[in-house]
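Number of protein chains: 4
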Amino acid sequence: MTEFDPKDMEYRFLGNTGLRVSVLSYGGWLTVTDDSEKITKECFEEAWKHGVNFFDTAEVYANGECETVFGKVFKDLGWTRSDYVVSTKLYFGFGEKSPNGRGLSRKHLMEGMDKSLKRLQMDYVDIVFAHRPDREGVPMEEVVRAFTQIIQDGKALYWGTSEWSSFEIEHAHHIATKFGLIPPIAEQPEYSMLKRDRFEAEYYPLYQLYKYGTTVWSPLAGGILTGKYNDGYPAGTRYGDASSPVVKRNRSKWESPEGKAMIEKVKQLKSVAEELGCTTAQLALAFLLKNPNVSTIITGSTKVDQVKENMVALQVYRKLTDEHVENIEKILNNKPDYLKLY
Amino acid sequence: MTEFDPKDMEYRFLGNTGLRVSVLSYGGWLTVTDDSEKITKECFEEAWKHGVNFFDTAEVYANGECETVFGKVFKDLGWTRSDYVVSTKLYFGFGEKSPNGRGLSRKHLMEGMDKSLKRLQMDYVDIVFAHRPDREGVPMEEVVRAFTQIIQDGKALYWGTSEWSSFEIEHAHHIATKFGLIPPIAEQPEYSMLKRDRFEAEYYPLYQLYKYGTTVWSPLAGGILTGKYNDGYPAGTRYGDASSPVVKRNRSKWESPEGKAMIEKVKQLKSVAEELGCTTAQLALAFLLKNPNVSTIITGSTKVDQVKENMVALQVYRKLTDEHVENIEKILNNKPDYLKLY
Amino acid sequence: MTEFDPKDMEYRFLGNTGLRVSVLSYGGWLTVTDDSEKITKECFEEAWKHGVNFFDTAEVYANGECETVFGKVFKDLGWTRSDYVVSTKLYFGFGEKSPNGRGLSRKHLMEGMDKSLKRLQMDYVDIVFAHRPDREGVPMEEVVRAFTQIIQDGKALYWGTSEWSSFEIEHAHHIATKFGLIPPIAEQPEYSMLKRDRFEAEYYPLYQLYKYGTTVWSPLAGGILTGKYNDGYPAGTRYGDASSPVVKRNRSKWESPEGKAMIEKVKQLKSVAEELGCTTAQLALAFLLKNPNVSTIITGSTKVDQVKENMVALQVYRKLTDEHVENIEKILNNKPDYLKLY
Amino acid sequence: MTEFDPKDMEYRFLGNTGLRVSVLSYGGWLTVTDDSEKITKECFEEAWKHGVNFFDTAEVYANGECETVFGKVFKDLGWTRSDYVVSTKLYFGFGEKSPNGRGLSRKHLMEGMDKSLKRLQMDYVDIVFAHRPDREGVPMEEVVRAFTQIIQDGKALYWGTSEWSSFEIEHAHHIATKFGLIPPIAEQPEYSMLKRDRFEAEYYPLYQLYKYGTTVWSPLAGGILTGKYNDGYPAGTRYGDASSPVVKRNRSKWESPEGKAMIEKVKQLKSVAEELGCTTAQLALAFLLKNPNVSTIITGSTKVDQVKENMVALQVYRKLTDEHVENIEKILNNKPDYLKLY
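Protein chains in written order, with the working numbering: chain H, 3 to 344; chain Y, 3 to 344; chain W, 3 to 344; chain Z, 3 to 344.
In short, the hints are calculated from the structure, not lab data. Misleading hints may appear alongside valid ones.
Which copy is meant is left open, because identical chains are indistinguishable; a pair holds if it fits in one copy or across any two.
Unchecked claim - Taking lysine-lysine and the DSSO-like style, the derived pairs with C-alpha atoms no more than 30 Å apart in a straight line are:
1) LYS255 - LYS332
2) LYS342 - LYS109
3) LYS109 - LYS9
4) LYS157 - LYS77
5) LYS337 - LYS117
6) LYS43 - LYS109
Use the sequences and the hints to build the structure in full.
Shown next as structure tokens:
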């Protein structure tokens, strides 16, 4: 068993809580393969060596298989429970055609929580997220009551939101105030150099009012910020197989005038990265780390080498001067203005 | 004195209140002329004849002069106070360089309310609106406390918002719940056939949660929906004088690809209007009246004839079938989807 | 009448309110003379020219005479009420041997408020402070209820504390929460380069929790920070007359080892001031302005020239670099540490 | 099994609760030895014979070993659970480099509580204390929510504070009021004849407002009040080994002018003790027992004889007249004044 050693990792409070998470964290995967357990274990160990203490998954990832593998790996590694932080996310269910098999009804939240814990072989997760808002009619009171009960039952220490609008997050706080329930403490939002409006502007008052925490996903904008699509879609990459409908949709997005403009920016970022002696991906992570409203960036990877490479972002972030940031802002030219957005 | 007669006007509750407002109402003007008092009186009388019972103004309109003239006209006409509904709006102050001369601080709200009432020669208005959100740092608790006190002091019966985001309106409700204060009951939003997203999608949950009321302004999209700019900018119209910077800005908006597409839609609407034997403007008002979340449409005009013409929209609205609406929707092709917008 | 012009003054929100006060403000005097009215008017006008919009007094200053003169001068000057901010402070009463003639009982607060407003010839002050905590037995509930009623009666817009402990301020907030009353929004504390513990350490959590505002008094530590006592007590200065018991007490304070060490620091500050081309007093004010938890510094003076000189502190503050501050901190060597103080 | 017999012990309510604790209680030890279990059992039995019913430990004492031994001894002795009161304290964790391994985050409190109970082999403790305030950023709402849940989960009957400032204790009460949670009921403070300010003055309003309880530690001021350091540091005593840095630090404290003055007082107290036929240590305990705001004094000792000797303090306290107290106060000359302290 590798004992936990924070080394030179940076830890931040997850929003207005006393829970400390490493600013770079490790996220679960969407597709399962024969050696998922072996690879996951290796990636966990590599991340652990760098001081990563936060691991994120979801019921829907690989239809529950991701949680199952996470559970086995945690057990196998035998780490002290207080040394690491685990989160999962409920909403999508999986493979269930039943009308109550997904969403944020009390029924799905209570049943889904128990199923997740069973797969994870844990008594509790540290954070449980509502993986999406439920706009099909479930009242917010039901949602906040269910999460409050999950916490009071000892099955989670905190609850959060994922991809909710600022209106919905504020409404959840309103309902918590009204009924004396427990409000959510963090959002798991998409945020990257190329997608900033919601994170930086729409959520701005939430940081002011609640010191709302954030566990960022897709920090590399689906891989575009690695620069690997700067000159087309190499075979073997995510967008390499043009026959898949998902790939088609994404390619057409990147080939639109807006998409091309973004790729142009990525190319320019490359020269800043080179100056700093790092990859565009590392620069993209480092830039987000400069934002104090980022609690942690969830990096996903199923290769040990990539885990290692991601961790270098921490060094880059420490080297990033105000001047670098200014140059990057000039290239991006997409800094949102809270006062004007509305 | 003309006694009030509802005739064939339609009255709707202003949101979740017991206050009934005519679905077509009369709004104050921004510029004062020598005969403002005379014209305003004539317009009031014309509207009154059609059953209009709601008159809207603001401290900032013509730097207080609009309120002053409204006050004189109401006094002159001698109508029974319970027959009509008056609203004003606080935020902008006027002519004051003083740091506390505008905004939503308790100081400006209390002082501004008293000044408005003095100009209006009234003990109270029916509704006072926050003419804008104050994003420069005044806490929502202060805003809601001040409006609550204004109501408890008997200076207004209700308070509302104008051009607030749904987040801000929900935050005001949260604060009212938290401290046992009085929440706002209606929004004064911009809404027209050509600008629908905020009204129909962003505010959608507010209608569900609070039956939030609305007093619509700019229902003709700055005049474009009259069709008078279908073929350029005639002299004597609002956009006729190309030397004014405001006009220049607006013209360039209408001459952009998006602007041209809108004017194209207005042209197509004209044929629907002709079929119904009405003007495009009347059709534009009638279409909004079909939306049950519209409490009232504020029509502004400083010509008696135009007041008369606006009132015809009520007849058009009553003739508008589902089939007409469907045709209009096809032409507009801009129906927002709440579920997708976020 | 001199119209208000903010010029290059800086305005800050008074804590977590929407009320903006000039960072340098003008405070009332403790002793009345024959030409108090004339001098006060001249000082008001001088301050006004520099953009000062906040004027502070107290019932006890010159046994009510300060309020009376302030009232006359405001009336005489005819300034627009929304352009300026007035505060007064209740607690000490004056000249009253009656058991209920002072303190924070509801009786004294309600009676004292009305008397102050009468002397000031105003309907309301912007802020009313509790000039001291009342530790003789009046329950906090009574205090918070009385100030809440004063505000709801329209006699003040906000209430604050003066020389309260952080415990007492937190207790007032607790009581306000418990009974749905209005909490205090700012403290009027003694704060200077030579007296920092309470302001910077004891109150620290209040800035975090409530963004509590501050209207600083005695920023020159009773004159010592002017440097005029660096070499004894010149005749004509506050401590010049050795026959007064107050002077004796103060002299012995400054002649103690601690007092001498402080005077030594003041001498060293003089060289920093000279480098910046300003007086020690101006440097002392400028240093406080660098603290973002200072809402405003109340400068007291009954000489027009001194008002003028005080205003220069604003320029000094704008010139003060991090390096200057660092040098000053080395000289002062009294920076309090919140974490260690308790 | 020795049946419980209150004999002539005095029991006091622990603050504003229905829980009765013996005024002299027994506290856990910081260092473990081979015969810790045997000695602890003997001391427990001796205390028990005198009617002691309250036993205090902490997760950090001897890195969890103190709890483990307490657990074994309680099991071994087989006393009826309702006859005794056990408290533990959470905050410091032990041996964990992990960012979440200590402090007052919900994570550490929930995990720490479970670990403590496992070591103690108990389903619940009577009182759990927050061993320190957490000033590194954990919000009070999180702390009070976690302790409330620990109580509602049946893992503790009450919660308390240790070495918190009066501000922090009041803030905890505020948060409990605000969210309908359970407030702390007692403080575990350092208090002795030589350290009185916080206990007697700072906490004074807490006794008035909440009848706040106290479980005093270090009543002999680290042994100085035994008088054994009156003439230097004998070998074999805590401060006997001059090579230890802790000892050096403490020695230099006692050798400062203030330290010497204190030892002088201890010498004078000896004559009062002799007059009463007791030791200085017994007098020191008896003097504290005269303070009705003391709920219990935690006496620590790992020698049966010393337990016996401590118990004599109860007799001394009963003999202590007002005149004795007056004499002691003259010697101590350090009675704090609540009204002047702030």
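Results for each hint:
1. LYS255 - LYS332: Cα proximity of LYS255 and LYS332: in one copy and across copies (23 Å, 27 Å).
2. LYS342 - LYS109: So LYS342 and LYS109 pass the 30 Å test across copies only (25 Å; inside, 41 Å).
3. LYS109 - LYS9: between (43 Å within a copy, 21 Å between copies)
4. LYS157 - LYS77: both (18 Å within a copy, 27 Å between copies)
5. LYS337 - LYS117: neither (41 Å within a copy, 40 Å between copies)
6. LYS43 - LYS109: Intra 33 Å, inter 24 Å, cutoff 30 Å: inter-copy only.
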